[in-house]
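Under this note's numbering, the letters of the sequence shown match residues 538 to 900, in that order.
Worth flagging that the hints you see were computed from the coordinates, not collected in a lab. Any given hint could be a false lead.
Just the calculated beta-carbon pair ranges, DEER-fashion [claimed, not checked]:
{"hint": "1", "residue 1": "A818", "residue 2": "G746", "range": "39 to 49 Å"}
{"hint": "2", "residue 1": "K884", "residue 2": "K849", "range": "33 to 43 Å"}
{"hint": "3", "residue 1": "A718", "residue 2": "Q827", "range": "40 to 50 Å"}
{"hint": "4", "residue 1": "G822", "residue 2": "A689", "range": "37 to 47 Å"}
{"hint": "5", "residue 1": "A723", "residue 2": "E800", "range": "35 to 45 Å"}
Keeping only pairs whose Cα atoms sit at most 20 Å apart, straight-line, the calculated EDC-like set for lysine to aspartate or glutamate is [as the list claims (entries may be wrong)]:
{"hint": "6", "residue 1": "K657", "residue 2": "D797"}
{"hint": "7", "residue 1": "K624", "residue 2": "D726"}
{"hint": "8", "residue 1": "K849", "residue 2": "E826"}
{"hint": "9", "residue 1": "K684", "residue 2": "D726"}
{"hint": "10", "residue 1": "K781", "residue 2": "E714"}
{"hint": "11", "residue 1": "K849", "residue 2": "D830"}
{"hint": "12", "residue 1": "K884", "residue 2": "E869"}
In this text, a Cβ means the ideal position worked out from N, Cα and C, and glycines have one as well.
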Amino acid sequence: MSLPMRFSAIDGKGPSVLARWRRRVLATLVQALSLAALFHVPAGAQAPALREVRLSVPGPGGSVSLPLELAVRLGLDRAEGLQLRLKFVGGGGIAFQDIQSGNAEYAVYGMPAAMSHHLKDPRIVSLAALDDLPLYVLMVRQDLRGKVRRIADLKGRTIGMHSSSLTAQTTSDILLELVLAGQGVAAGDIRRASVGQSWETESAAFLSGSVDAMMNDEPFATRMVGEKMAFQLYSTGKPDDARKTPGAGFLRAALIGRRDRIEVDPVTADRMVRVVQRVLAWMAGHTPEQIADALGMQAGAERESFLTVARKYPRQYSRDGKFSTAQLRETEVFFRASTPGDAAAQKLALDTMIIDRWAGRKP
């Protein structure tokens, strides 16, 4: 009996099941052969040493960390002579502290937060853009659906914040305060509770009842809706909501580093940008299903929420890592709107902290 007939005898869908199996095996084989060819070392020669780089990123499992997790799984870092060591943290504020202290050489997190950090430490710069469309969703605990109908109803409630410090905020925390202020809810009108930036910590905060709402990352927000854990009150992905927020088209995830280290070791900076560009190009050339497969996502809520978001927002990620002039201007508008009383923030020109030597620019 042929192999297709055996599959057919099992579920009546032999050819389609076998075709999917063959495609997956072929994709794995091609990836393995490509990496083997890339790292082929002649007999008697030693393989070149990989430059280990520690990178701090919120996650795991969120849209910010996803491209970096994918790059490591595909071996795209090794293709550039690097070995990325991902350090998952609870938000961009912690990632900034890692770079500042030397616990990490690079980080990926929100550009508005990086602007705030640049004011504290002028060495903080950005080398490449990972996002094209920022996706943040203000979620409210499911059992409050009848009590919280609008953003103003969050006054007096406990809001989950990714950062544990007001001096090193994340972009989501900055956005949350801007959205609340736009509806008459001042910073002193809410109670804050620190939550991480992974599915485990964010879902636990809702399930335990320790927070009433939080500004969530995708695909976590979509998964929370699917599991009836929370409901959406605002989303930058909705045009009507985005129009209410100044500069809502800001650059979200960016490759962040320290200028002094980059000047000393520009070769590694160049390679880091190429890793980012490689993985973004790979994502642009593959389907959401192929990306999920490469990330090792199994059937279930995590995979389905990722696929839902990827299909709904195909332009979420940059395709080339280049800095968009229009997006940078949006980022400045957003940052200034969120810091109305800060003279230094109002004067900060984003171009002063952009190093586009390797990633390049576009309109």
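The hints, checked one at a time:
Checked against the hint of 39 to 49 Å, the pair A818 and G746 passes, with Cβ atoms roughly 43 Å apart. Here the CB-CB span from K884 to K849 is close to 38 Å, well matched to the stated 33 to 43 Å. Taking 40 to 50 Å as the suggested C-beta distance range, the pair A718 and Q827 conforms, at roughly 41 Å. Take G822 and A689: their Cβ atoms lie about 44 Å apart, and the range 37 to 47 Å holds.
Remark: the range hint 35 to 45 Å for A723 to E800 is upheld by a beta-carbon distance near 42 Å. For the hint pairing K657 with D797, the CA-to-CA distance comes to about 15 Å; that is within 20 Å, so the pair holds. The suggested pairing of K624 with D726 is violated, with an alpha-carbon distance near 34 Å, which exceeds 20 Å. Between K849 and E826 the CA atoms are separated by roughly 13 Å; this keeps the pair inside 20 Å, and the hint holds.
Proximity of K684 to D726 is assessed by CA-CA distance (about 17 Å); at most 20 Å being required, the pair is judged to hold. As the CA atoms of K781 and E714 are separated by approximately 14 Å, the hinted pair is consistent with the 20 Å bound. Our distance criterion of 20 Å between C-alpha atoms is met by K849 and D830, whose separation comes to about 18 Å. Between the alpha carbons of K884 and E869 the distance comes to roughly 10 Å, so the proposed pair stays at or under 20 Å and holds.
Consistency with the previously given hints fails for number 7 only.
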